[in-house]
Amino acid sequence: MYFAFSNIKFKKHSAENWLVISGEITNNAGKNFQAVVFRLVIFNKNTPICNTTFTINGFHIGQTKTFERQVGELEYKIVPEISRYEIYAESAY
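Our numbering numbers the first residue of the sequence shown as -2 and each following residue consecutively.
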């Protein structure tokens, strides 16, 4: 499966100190999906500090959808320590 990710941003939750990650995902996989589960892993150097999932429902060929995932286990102040992140499709139907 091929999905393109763009406009990925780290921001502070509006009411709490939580980290929020948002962005856009485009379905370039060549088929429609009822749902796609994505895995998000955030790293500090080579150590994963967050491992979570989120779901995009009704994802059609060529469609771009926005997502926003609250990461309650991480505070926003961790952002300078984030060395990289990975987002990938874990399952789809």
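These aren't lab readings, by the way, just hints derived from the structure by calculation. It should be emphasised that the depicted structure is a prediction, and the values quoted were computed from it without experimental measurement. Heads up, some of the hints might be wrong.
In the DSS-like style, the derived pairs of lysine-lysine whose C-alpha atoms are separated by at most 25 Å in a straight line are [to be verified]:
#, residue 1, residue 2
1, LYS74, LYS8
2, LYS6, LYS62
3, LYS28, LYS74
*For which of the previously enumerated hints does the structure constitute a violation, in increasing order of number?*
Those not satisfied come down to hint 3.
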